[in-house]
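Chains as they are written, first to last, in our numbering: chain A, 582 to 1092; chain B, 12 to 365; chain C, 2 to 312.
FYI, nobody ran anything at the bench for these hints, they're computed from the structure.
It is possible that some hints are incorrect.
[Said to hold, decoys possible] As a list, the in silico BS3-like pairs of lysine-lysine whose alpha-carbon atoms are at most 27 Å apart:
#1 A/Lys-834 with A/Lys-703
#2 B/Lys-204 with A/Lys-908
#3 A/Lys-647 with A/Lys-703
#4 A/Lys-1068 with A/Lys-855
#5 A/Lys-655 with A/Lys-589
#6 A/Lys-810 with A/Lys-834
#7 A/Lys-703 with A/Lys-655
#8 A/Lys-655 with C/Lys-140
#9 A/Lys-944 with B/Lys-98
#10 A/Lys-908 with B/Lys-53
#11 B/Lys-98 with B/Lys-53
#12 A/Lys-689 with A/Lys-708
#13 A/Lys-689 with A/Lys-762
#14 A/Lys-834 with A/Lys-689
#15 C/Lys-140 with A/Lys-689
#16 A/Lys-944 with B/Lys-257
#17 B/Lys-71 with A/Lys-908
[To be verified] Short, incomplete list of chain C residues facing chain A, as computed with Cβ under 7 Å:
#18 Thr-90
#19 Gly-92
#20 Ser-94
#21 Val-168
#22 Ile-169
#23 Arg-171
#24 Thr-173
#25 Asn-184
#26 Val-187
#27 Asp-189
#28 Ile-193
#29 His-196
[Unchecked claim] Label-pair ranges, simulated between beta-carbon atoms:
#30 A/Gly-950 with B/Ile-223: 17 to 27 Å
#31 A/Thr-982 with B/Pro-182: 56 to 66 Å
#32 C/Asn-245 with B/Met-353: 51 to 61 Å
For each residue, glycine too, the CB sits at the ideal point set by N, CA and C.
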Amino acid sequence: MEQLVGMKGVRKSFLRTVANDGIDFSVGRSEVVSLLGENGAGKTTLMRILYGMYTLDDGEIRIGGKTVDIGSPKDSIALGIGMVHQHFTLVRTLTVLENVILGLPSPKGFRLDYASARTRIKEISAKYGLEIDTEAYIWQLSVGERQRVEILKALYRDVNVLILDEPTAVLTPQEAQGLFKTLRILRDEGKGVVFISHKLQEVMEISDRIVVLRNGKVSGQQMKSETTKEELARLMVGRDIVELPAELTGTPKEALLSVSSLGAENNQGIQALKGVSFSLHAGEILGVAGVAGNGQTELEQVLCGVRSATSGSVRYHGQELANASPKEIIDAGIGRIPEDRMEAGLVLDLPLMENLVIEFFDKAPFSRGILLNYRAIERAAEELMREYSIKAAGVHEATRTLSGGNLQKVILARVLSRNPEVIIASQPTRGLDVGAAEYIHNKLLEQRERGAGILLLSEDLNEVIALSDRIIALYEGRIMGIVPRSKFDLEEIGLMMAGSTTEDGNAPSEV
Amino acid sequence: MHLPKYKLEKRLPPPLWFQILTPVIAVVISLLISSIFLLAIKQDPLQAYLYMFRGAVGSKFAFLEMLVKATPLILTGVAVALAFTAKFWNIGAEGQLYAGAFAATWVGIMNLPLPAPLYILVVVLAGFAGGAIWALVPGYLKARYKVDDVVTTLLMNYIMIYIVGGILSGPWRNPKTMYPASVEIAQNADFPKLIAHSRVHFGLVLAVLAVIALYFIVRRTRLGFEIRATGTNAGAARFLGINTLKTIIYVAMISGGIAGIAGAGEVAGVQYHLIQSISPGYGYDGIVIAMLGRLNPAGVLLSAIYFAMIITGAQVMSRSLNVPPYIASVIQGVTLLVMLAMLLSFEYRIRRER
Amino acid sequence: MSDFLTVTFWVGFLAATIRLATPLILATLGETFAERSGVLNLGIEGTMMFGALAAFLTTYFTHSLWLGVLAAVVSGMVFGLLMAFLAVTLGLSQHVSGLGITILATGLAYYLYRAVIGSPTVPPHVDSFNTLPIPLLSKIPVVGPIFFDHFALTYIAFLLVPVAGYVIYRTTYGLSLRSVGENPEVADSVGISVHKIRYSALIIAGALMGLAGSFFTLAEFNLFLFDIVGGRGWVSIALVIFANWIPVRVLWGALLFGGVDAIGLRLQGTSIGIPFQIYLILPYLLTIIMLILIARNASYPSAMLKPYRRE
């Protein structure tokens, strides 16, 4: 098979993380090759290098047999490579036609040539099964239709290789089938297709060949016909997660937080949570495992009061907290460690001491009437700084100056200072070094000892497995299974995260 | 992709000496740039600036007159600074000033049987109320419906100025002189003079109190905390439990109220009746003053005095030299833009692209 | 009251509406270009004021009306360039940059007027534009005087509406413009220079705003008065929203406000006992009400107010 794209020894690092560590990857004519892996495995980075959005630190790229230098998307498009990203690069208020021709010179000079563009788009549309109304505005289109426009954009520019980054993340099953039909036509027409995904089912359905990435390296390569979902899952999550950690002491007690049939939409208006039900008990860590984009963010936002629930309820000590305001949730005594440290967890331009008390500033001793008691705030802040070893010049420092690990400690210190019964911790160690991560883990375990119930949402499966008493696997907004520690099985959890139900095909149940 | 040759990259807040030196440098650069316009009409900039300086603070009389001018400027500067801290773009200080002047006059010409200190208090409260109500409308519209505050506060200026015009040519027209101006307010409502044989009046005390209040509110109260949080990151503030809607409404009212007091001061302390030209643009000056003073109390106070100096200085200078007093507006405009550009250096440094 | 029912009244009123709409059309079209590229240009009032002054002074000394118009346009472009430098290159707050320019331009206009003209008891005049009746058409009873007997600037303004529409919707420049104002990241990703588009849009805007300013001193009046622009720049800001950033709708919005302005003029003469200020207030009040109604549904160019910096 003729090789369209060959990448050898690709290395790329960002600051302290190595995203791609010596990867070899190729795309051939008339083939669909899938790039499979968890978040952070390096799939998107690798393809962005190919597409010219990043430059590689080391390695080489050959296109059509010749070594090339790709400095920008313009270069890669000129070389016949197109990419459909997870977040569409479309202008909402323009039509399909206008989006496709945006940035291209017009055959009629300064005047736009709608007619010839329309004809050409209709041709491509018909050939590849991408039916679309060229005069529709993007905002009128469904997500699936928008994706078709993205593909049309690439095909209009005569690409030979089409990269799709998690394309089915936003599609309904029917739309996904429509996409697959298009991809098969592309393959039969001699194009090379790269399908980036974490979903085993679909990868097995559409691929000719599968390349699995883990921690920036190729962990395995298989032909679809020669492999199974289980094998792929193993390659994805890896046996190198060491022995399952020691038993966690203590038995969980009464249910604190009861979530039933929770539903919510994401920012695009698509249902992101579908009938989520579980309860969080005192003295336990309930881990929510799932790949980004499957509803973890929306779940956190609903529980923290910044996203409305379209259905279901969240009960805490008899109080209904679904659709409550952030203040009500704070006052109810729920501790929230948000995923977005900089735009939600902290107001960076305020001094450190104010961030350490901000959720409770209206309570004694921090407030007396309309006045703030800065001496009390200072004292409390200094104590917290000491207790949590927050590295900063002083409590009056601008919070912005702190390092990532210390910023998280600030949030942690603030939240834990009120001894909350329930803690919602979302991606608590994302972007932190090993030492800082360990510190956070120990603190969470301490809280568990103390009898708090902790909901741990994390895209880092290792973390979830190490800390949780029970694990919920979230996929496309649904709970695929709830597994107790005694029954933790990497493969099974990996399968659930990637879309398969539990082995016995049962509906996910409370355990 | 064409990469720019120079890039602005974020930096940490600069040291204090830098923060203090920058406005000074901005002032110097602005005076240099403005001198171009003086040279254009064949005037010697140095001589002009000298005359301006003397005209502003060169004699006891000049200095006191400058203080009279500074009074409303300090008040509008504080009003706008407070609003801007919450990112409520209150361009309507002028209208709020007029509203305050209107309310103060209304109370003042009622000739209530009150002793002087009480009547003065009533006048001040009326001024505050007038400005607060006038600012409440755009404030509420922004908080609740996200209607653009810049345009609404601006348009409200024109509405209030015309309302005052209408009232002055109509029901409040002075029957004796037939001028479109109100009768004088009750004597007991007059703001007392602070310094004999000058026009410096009680309003200056209110102005200084306003500066202190700005410090106090923003730095020591719960509301101030909410204001600062809302102003720097409204999204995070909301997540962390702050009611940003209420915060903006309170800010609008207090900001408008302070601007209203400026209006009351001009009526009760300077003019003793309401005239159409009660304010030659103090509300707009307040914006420049607030920005120049970087929204903090000391800065606003100094900027207001600087502006008062420029305005009075330019007026005096224009009588001796053939330089139109409007040079003051030119200097104001240039100073604002230069200051803005230099403020960039607080947040970004210039890096050459590799 | 019988005044209202005569044909003369209506002819005069409608003609005045069209006439008074002229500067609004020009300024609003200009602001539309700026905002379409993602920049809110609050320097509009100042730019118009300086344009009025530049036009007046130039015509006063050269006795050429069109040179005056040219001066106004060029001065507008200069301020547009300044705004672009502040808001696009430096990325300063668009609100304050624009206000700074208005304060500077207005102050400069007053300053230059005083410096050059001084303060004579009778303000100097220029020979302002005469109306340009279109042959034949202007003779049609009723319709003629309403539509076909106007200043050249008025005809230009009306013609610019379809031109602006064409540029925005039917040229590659216009497509790039619209994408930059909506989603500069996407525009950048397809190779469009966001900065260049914004610069060009602001310069075009400035030119139109200067042109609008010249109307006041060379057509509507024949001298320069302080506050001659009278806040119409701000009304334009609101009109852009009313028109949903669409040139054709700018026309309707401007006519609506021209009409309100014209009513005010007409009724000022009559003695109804209501202070004439009521009519002056109407446009602004109407604008605010309009803003409230539209706030929910306004399709602001999404990238407006955010400086675009490639991280």
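Results of checking the hints against the structure:
| no. | hint | in the structure |
| --- | --- | --- |
| 1 | A/Lys-834 with A/Lys-703 | 63 Å, violated |
| 2 | B/Lys-204 with A/Lys-908 | 49 Å, violated |
| 3 | A/Lys-647 with A/Lys-703 | 33 Å, violated |
| 4 | A/Lys-1068 with A/Lys-855 | 25 Å, holds |
| 5 | A/Lys-655 with A/Lys-589 | 22 Å, holds |
| 6 | A/Lys-810 with A/Lys-834 | 37 Å, violated |
| 7 | A/Lys-703 with A/Lys-655 | 24 Å, holds |
| 8 | A/Lys-655 with C/Lys-140 | 60 Å, violated |
| 9 | A/Lys-944 with B/Lys-98 | 26 Å, holds |
| 10 | A/Lys-908 with B/Lys-53 | 64 Å, violated |
| 11 | B/Lys-98 with B/Lys-53 | 42 Å, violated |
| 12 | A/Lys-689 with A/Lys-708 | 26 Å, holds |
| 13 | A/Lys-689 with A/Lys-762 | 35 Å, violated |
| 14 | A/Lys-834 with A/Lys-689 | 74 Å, violated |
| 15 | C/Lys-140 with A/Lys-689 | 42 Å, violated |
| 16 | A/Lys-944 with B/Lys-257 | 18 Å, holds |
| 17 | B/Lys-71 with A/Lys-908 | 56 Å, violated |
| 18 | Thr-90 | 22 Å, violated |
| 19 | Gly-92 | 18 Å, violated |
| 20 | Ser-94 | 16 Å, violated |
| 21 | Val-168 | 9 Å, violated |
| 22 | Ile-169 | 11 Å, violated |
| 23 | Arg-171 | 6 Å, holds |
| 24 | Thr-173 | 5 Å, holds |
| 25 | Asn-184 | 5 Å, holds |
| 26 | Val-187 | 5 Å, holds |
| 27 | Asp-189 | 9 Å, violated |
| 28 | Ile-193 | 5 Å, holds |
| 29 | His-196 | 15 Å, violated |
| 30 | A/Gly-950 with B/Ile-223: 17 to 27 Å | 19 Å, holds |
| 31 | A/Thr-982 with B/Pro-182: 56 to 66 Å | 60 Å, holds |
| 32 | C/Asn-245 with B/Met-353: 51 to 61 Å | 38 Å, violated |
Checked against the numbered hints listed earlier, the structure breaks hints 1, 2, 3, 6, 8, 10, 11, 13, 14, 15, 17, 18, 19, 20, 21, 22, 27, 29 and 32; every other hint is satisfied.
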